[in-house]
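Engineer: Protein chains in written order, with the working numbering: chain A, 766 to 965; chain B, 766 to 965.
Take the hints with a grain of salt, since some may be wrong.
If chains are identical, the list can't say which one is meant, so a pair holds when it fits in one copy or spans any two.
[Unchecked claim] Listed below are the simulated EDC-like cross-link pairs for lysine to aspartate or glutamate, each with C-alpha atoms no more than 16 Å apart in a straight line:
(1) K902 to D869
(2) K793 to E964
(3) K786 to E878
(4) K795 to D940
(5) K779 to E964
(6) K946 to E882
(7) K949 to D771
(8) K781 to D888
(9) K793 to E867
(10) K902 to D848
(11) K902 to E785
(12) K795 to E964
(13) K786 to E910
(14) K793 to D940
(15) K958 to E778
(16) K949 to D937
(17) K958 to D848
(18) K958 to D888
(19) K779 to D842
(20) K958 to E878
(21) K958 to D940
(22) K779 to D848
(23) K946 to D848
Bear in mind the hints are in silico, worked out from the structure with no lab data behind them.
Number of protein chains: 2
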Amino acid sequence: MKTDADAHQRMVEKRKAGFEKKKAAATKEKGLLIVHTGTGKGKSSAAFGMGLRIVGHGMQLGVVQFIKGALHTAERDLFSRFDNCRFLTMGEGYTWNTQNREADIATARQGWEAALEMLNSGDYDMLILDELNIVLKYDYLPLDEVLAALAARPANLHVVITGRHAPQALIDAADLVTEMKLVKHPYREQGIKAQAGVEF
Amino acid sequence: MKTDADAHQRMVEKRKAGFEKKKAAATKEKGLLIVHTGTGKGKSSAAFGMGLRIVGHGMQLGVVQFIKGALHTAERDLFSRFDNCRFLTMGEGYTWNTQNREADIATARQGWEAALEMLNSGDYDMLILDELNIVLKYDYLPLDEVLAALAARPANLHVVITGRHAPQALIDAADLVTEMKLVKHPYREQGIKAQAGVEF
């Protein structure tokens, strides 16, 4: 069908022109504050996908995992192979297994002190603060303190913050926010158990 | 504040009990059809996070990348290091750079034939069909043919399909669907250019 093919070609040309125009208008370079939130899957995995690219480019990646177990062993092992990645795992299991709020607050503070040091060091190109949103949601850390530190970070440092329930003030401060939205989940609807590769 | 701490402890105990109950009810094991869609970022990265776990567990991963360039070089290089991963890149650039619909259809068919072979071989634990949704969106492949092949695959094979605009019939057929939703994007709103690690 000639007409269809012509229409398609006009569409791709228009789309390409739009893409090029948008690209030409984008000239600024700065460290981005990136947030992955929502109740769907893939928030941490997508952050670590970006982290892998940083590492692949020979740039410096820092990771603070605020909740142990939130990142899968296979991913953690992978990052540990690279010299240009510093990986810290804080926390003693998900908070709903820890029967003590004061201990959780102390653990969150320990993670945050490590993150602050990396944030201010000037040594990193990207910092992933995995599951920090959860820590903020439970008020384990003062939101104002975290926002102030993020705002005062080196100008070219990308920061990626993951976890469900990102506070609105953090979303307001961010440059790039993606919500991972749960559309369907086999656990809830079909009684399917956790399987290697998919869940761990 | 004692009362707050008590309330928190009750909440974590209740949450843990709910989690354990749900986990006990989930006993089935089967290959999942997983879809990552939406206009936000992280669809492919989150799929490749799962792929890394498969590879990390010593299981077999197959990848067909339907649109060249959709996956970042750093990620592609990473997968090429592993023996238990077969990685195929089909397509000659994003479709909006290809000025010929018939060529795109032929390219899509080539990718699909490769995917079909992997799908039916019984050699894989997970297959990632990266950007297949786009190919379906443009009607480069007949949706019915794709759905029938997915339904007839080996029972324990996980398939992960990525790309914006997943067809509703695919969502209906899927076990796990996550929509990556764009909340804020620095390109569009701030004129910030593509930066290493974040975008490529």
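Engineer: Would you mind marking each hint as holding or not holding in the structure?
Structural biologist: Verification of the hints:
no.: 1; hint: K902 to D869; in the structure: within (13 Å within a copy, 47 Å between copies)
no.: 2; hint: K793 to E964; in the structure: between (38 Å within a copy, 14 Å between copies)
no.: 3; hint: K786 to E878; in the structure: neither (43 Å within a copy, 36 Å between copies)
no.: 4; hint: K795 to D940; in the structure: within (10 Å within a copy, 39 Å between copies)
no.: 5; hint: K779 to E964; in the structure: neither (41 Å within a copy, 23 Å between copies)
no.: 6; hint: K946 to E882; in the structure: neither (32 Å within a copy, 32 Å between copies)
no.: 7; hint: K949 to D771; in the structure: neither (38 Å within a copy, 34 Å between copies)
no.: 8; hint: K781 to D888; in the structure: neither (38 Å within a copy, 39 Å between copies)
no.: 9; hint: K793 to E867; in the structure: neither (43 Å within a copy, 38 Å between copies)
no.: 10; hint: K902 to D848; in the structure: neither (33 Å within a copy, 41 Å between copies)
no.: 11; hint: K902 to E785; in the structure: neither (40 Å within a copy, 22 Å between copies)
no.: 12; hint: K795 to E964; in the structure: between (34 Å within a copy, 13 Å between copies)
no.: 13; hint: K786 to E910; in the structure: neither (39 Å within a copy, 37 Å between copies)
no.: 14; hint: K793 to D940; in the structure: within (13 Å within a copy, 41 Å between copies)
no.: 15; hint: K958 to E778; in the structure: neither (47 Å within a copy, 22 Å between copies)
no.: 16; hint: K949 to D937; in the structure: between (28 Å within a copy, 9 Å between copies)
no.: 17; hint: K958 to D848; in the structure: neither (36 Å within a copy, 28 Å between copies)
no.: 18; hint: K958 to D888; in the structure: neither (42 Å within a copy, 22 Å between copies)
no.: 19; hint: K779 to D842; in the structure: neither (45 Å within a copy, 33 Å between copies)
no.: 20; hint: K958 to E878; in the structure: neither (37 Å within a copy, 32 Å between copies)
no.: 21; hint: K958 to D940; in the structure: between (37 Å within a copy, 12 Å between copies)
no.: 22; hint: K779 to D848; in the structure: neither (44 Å within a copy, 42 Å between copies)
no.: 23; hint: K946 to D848; in the structure: neither (34 Å within a copy, 33 Å between copies)
Of the numbered hints stated above, those contradicted by the structure are hints 3, 5, 6, 7, 8, 9, 10, 11, 13, 15, 17, 18, 19, 20, 22, 23, listed in ascending order.
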